[in-house]
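Asker: Residues per chain are reported as follows:
Number of protein chains: 2
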Amino acid sequence: MDFQHYFATRASRMKASEIRELLKLLDRPGVISFAGGIPDASYFPAKQFGAAFQDALNSETSGTALQYSISEGFRPLRQWLAAEMGKIGVPCTEDNIMITSGSQQALDYLGKMLLSPGDTALVNWPTYLGALGAFNAYEPRYDKLSINGNRSAADFASDAEAAGGRVKFAYLSADFSNPTGETVDRRGRENLIDTAEELDCVIIEDAAYQSLRYDGEVIPPILALEIERKGSIEECRTIYCGSFSKTLSPGLRIGWVCAAEPLISQMVLLKQAGDLHVSTVNQMAMAQVAEAYFDEHVDTLHRVYSERRDAMLAALVEMMPEGVEWTKPEGGMFVWMTLPAHVDTTEVFKIAIETENVAFVPGHSFFADGSGRNTMRLSFSCADQETIREGIRRLSKVIKTVL
Amino acid sequence: MDFQHYFATRASRMKASEIRELLKLLDRPGVISFAGGIPDASYFPAKQFGAAFQDALNSETSGTALQYSISEGFRPLRQWLAAEMGKIGVPCTEDNIMITSGSQQALDYLGKMLLSPGDTALVNWPTYLGALGAFNAYEPRYDKLSINGNRSAADFASDAEAAGGRVKFAYLSADFSNPTGETVDRRGRENLIDTAEELDCVIIEDAAYQSLRYDGEVIPPILALEIERKGSIEECRTIYCGSFSKTLSPGLRIGWVCAAEPLISQMVLLKQAGDLHVSTVNQMAMAQVAEAYFDEHVDTLHRVYSERRDAMLAALVEMMPEGVEWTKPEGGMFVWMTLPAHVDTTEVFKIAIETENVAFVPGHSFFADGSGRNTMRLSFSCADQETIREGIRRLSKVIKTVL
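Chain order of the listed sequences is A and B.
The first sequence runs 1 to 403 under this note's numbering.
The second sequence runs 1 to 403 under this note's numbering.
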């Protein structure tokens with residue numbers, strides 16, 4: 001049977017990720033992978049979660065834990081998150097917060113809420129692949145966000161109009177972004193708010209890695225900077241998307257959106273229509289573990305991941321040939337590497353996995369226009385320092401053969 | 001700030017549910033509610049879930065339980081479900097199954113996969129409110145599904161074309177449906193398959209209540225009947241949506257879709273873009289509890305809920321005035337009541353809650369065209385027999401005043 005002809009027009013924009021196919025090659029012995037962008041499972045607070053699930057499922061609260069619950073999310077978790085947001089310059093209440101099935105779901109729902117077909121989304125070149133995947137279903141046009149760049153808001157607006165829509169939002173991860181590991185400085189954040197004001201569009205701030213700063217100066221979230229200007233979150237156009245997936249656990253699928261109440265109310269309607277609510281028992285367990293243990297756990301991750309980042313940067317300096325450049329992230333999980341323009345990293349990937357058993361993610365998938373063929377993403381989160389050193393040794397060997 | 005003008009055109013179809021507002025009135029002492037369509041929390045297998053979460057979070061498997069996992073879903077759970085589907089006439093493998101965040105998410109993703117704006121969805125008048133909520137975001141036109149009715153496939157097709165699209169699917173719950181409690185007989189199911197063949201459209205079979213049959217003859221799922229005709233699930237246009245929410249627990253948010261592999265593959269792309277995957281630890285816990293305990297637990301629910309259904313039907317016969325009609329469900333959670341045409345059940349609701357402290361859901365929200373103002377849904381799942389009798393006494397008193 002041919003099922004294709006049943007599909008909506010938007011389905012043509014939903015393609016299997018090339019990366020996903022590449023990653024299937026990694027299931028082989030002895031491979032050193034810098035490909036996955038996932039936390040190291042050996043550091044999950046399993047005991048704390050075990051105890052928290054036991055507590056949620058005790059005889060007094062199990063009826064609540066296993067039952068339907070409200071679409072906004074478990075109130076004590078939202079209260080804890082509101083207090084945490086306050087600590088990073090975002091005074092708000094639990095009514096400014098909705099719990100999502102990971103921040104990926106926030107991106108899906110924001111695309112659904114904001115994008116009519118042909119509207120423009122401003123994204124970095126490169127940007128988080130999963131954001132493109134989420135937005136694609138709503139058939140946007142992409143334009144290249146240029147923070148501190150020379151394109152004016154009027155340019156963005158007229159190009160969007162010529163394409164039959166308007167600029168609905170700018171999407172970015174401002175701290176140690178996936179895939180580049182780079183951070184937008186304070187001036188860049190202020191410029192972005194100015195541009196969004198001129199365009200009268202929303203800012204989607206993806207803060208998935210924000211807690212993972214290892215050194216350098218803390219820069220307030222974009223939402224905090226906008227609140228500084230306007231006095232209240234209720235006057236702000238920035239929608240902040242947070243996640244526990246890079247800190248306590250991705251397996252519980254818990255993220256959150258923090259924004260002005262009318263935006264949260266609309267998101268709650270989408271959540272009701274979409275999947276009703278996030279797992280009740282998971283929200284209860286997460287609330288307990290986060291309250292008792294978040295700060296301590298993040299300290300552990302800072303120590304572990306910063307050592308790995310240092311090991312990777314040191315090995316790169318020592319072993320990579322001339323002509324290869326890379327970012328120096330102050331946090332997160334990623335180093336972004338740029339090879340000379342003639343090199344295609346998809347070809348390098350095949351050679352690397354076949355001859356040296358080392359893997360990374362070719363960079364062009366992170367570009368809305370498929371450019372960036374000479375780039376690659378390296379993750380340092382899941383290998384110990386010795387393995388990182390050996391992996392960079394293997395990779396540099398491969399790269400030397402293609403230069 | 002006015003945030004409305006940022007929203008996509010589809011957002012105008014996403015409205016707050018009137019029911020949800022009404023249900024807020026129920027948070028008062030002494031109320032007897034037949035409004036909620038939820039399982040009785042006192043029967044959740046809390047101990048079994050407690051043990052299963054402990055097992056998933058033990059030192060050997062916690063790294064898996066708390067980590068990201070594949071979008072298709074946890075393989076052992078899909079294998080168990082494939083075997084269960086085999087028992088009800090749907091031979092298939094785990095590759096025919098994807099795990100969703102409740103069957104609500106399956107409906108959302110199916111709308112997203114199938115509906116272009118202006119396409120037609122055939123639904124019952126009345127139908128599950130949450131299905132309308134899920135589909136609305138994709139801007140369909142609705143037409144009235146008439147099983148065993150006199151409208152031909154050609155009629156449906158030409159009306160859909162006149163509206164600028166085509167019939168993409170027929171959606172229904174064939175067993176003890178929400179809201180009517182009614183079951184489509186075998187001939188009706190065969191007719192529906194015939195109509196779908198003629199229309200060349202998909203059938204979405206919402207089987208949320210299918211395990212909750214208390215008496216009467218078991219009728220094979222629509223998907224099973226289509227497989228009988230065609231020999232293999234791979235030739236079938238029926239997409240089966242199952243759920244654990246009415247049996248083991250809604251709080252874990254676990255449902256599943258069972259269909260031909262190309263349809264599942266496309267759904268997996270939507271899941272990847274939408275929220276990556278269902279909570280890993282929840283899928284592991286559900287797999288363990290389902291395998292060890294599903295049949296025994298469903299037996300308990302049959303006993304409890306059938307007694308409550310009997311109590312409600314007996315009280316209705318005894319106490320309701322002439323001119324009031326209701327369904328006699330063979331399973332599920334709902335009785336559907338029809339009052340004389342001049343009665344508006346939204347008005348009855350207000351009187352009932354204010355004067356007699358008894359609640360139900362006014363029926364018109366379940367109609368895609370807002371008709372059915374003289375209907376109401378009564379749920380018998382959450383009250384014991386004595387309370388049901390007292391609630392029906394109160395309700396009949398109110399109804400007598402408005403006839």
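Please keep in mind that the hints were generated in silico from the structure rather than gathered at the bench.
What you are looking at is a predicted structure, and each value in this text was computed from that prediction instead of being measured.
For each residue, glycine too, the CB sits at the ideal point set by N, CA and C.
Be aware that a few hints might be false.
Claimed, not checked - With beta-carbon atoms standing in for the labels, derived distance ranges: (1) 31/B - 83/A: 53 to 63 angstroms; (2) 265/A - 198/B: 37 to 47 angstroms; (3) 18/A - 88/B: 53 to 63 angstroms; (4) 164/B - 15/A: 20 to 30 angstroms; (5) 38/A - 83/B: 22 to 32 angstroms; (6) 346/A - 371/B: 56 to 66 angstroms; (7) 159/B - 125/A: 38 to 48 angstroms.
Asker: Looking only at beta-carbon atoms, does the pair residue 18/A, residue 88/B fall within the given range of 53 to 63 angstroms?
Answerer: For residue 18/A and residue 88/B the Cβ distance comes to about 38 angstroms; the hint is violated.
Asker: Just tell me: holds or violated, for the beta carbon distance of residue 265/A and residue 198/B against 37 to 47 angstroms?
Answerer: Since the Cβ atoms of residue 265/A and residue 198/B sit about 43 angstroms apart, the hinted range of 37 to 47 angstroms holds.
Asker: For the range 56 to 66 angstroms, tell me whether the beta carbons of residue 346/A and residue 371/B fit it or not.
Answerer: holds, 57 angstroms
Asker: Given the hint of 20 to 30 angstroms, check if residue 164/B and residue 15/A actually sit that far apart at their C-beta atoms.
Answerer: holds, 27 angstroms
Asker: Is the gap between the beta carbons of residue 31/B and residue 83/A within 53 to 63 angstroms?
Answerer: Cβ of residue 31/B to Cβ of residue 83/A: about 34 angstroms, so the range 53 to 63 angstroms is violated.
Asker: Taking the CB of residue 38/A and the CB of residue 83/B, does the distance hold inside 22 to 32 angstroms?
Answerer: Given a distance of about 31 angstroms, which is inside 22 to 32 angstroms, the answer is holds.
Asker: Is it true that the C-beta distance of residue 159/B to residue 125/A lies inside 38 to 48 angstroms, as the hint says?
Answerer: holds, 46 angstroms
Hint check: violations occur at hints 1 and 3; the rest are consistent with the structure.
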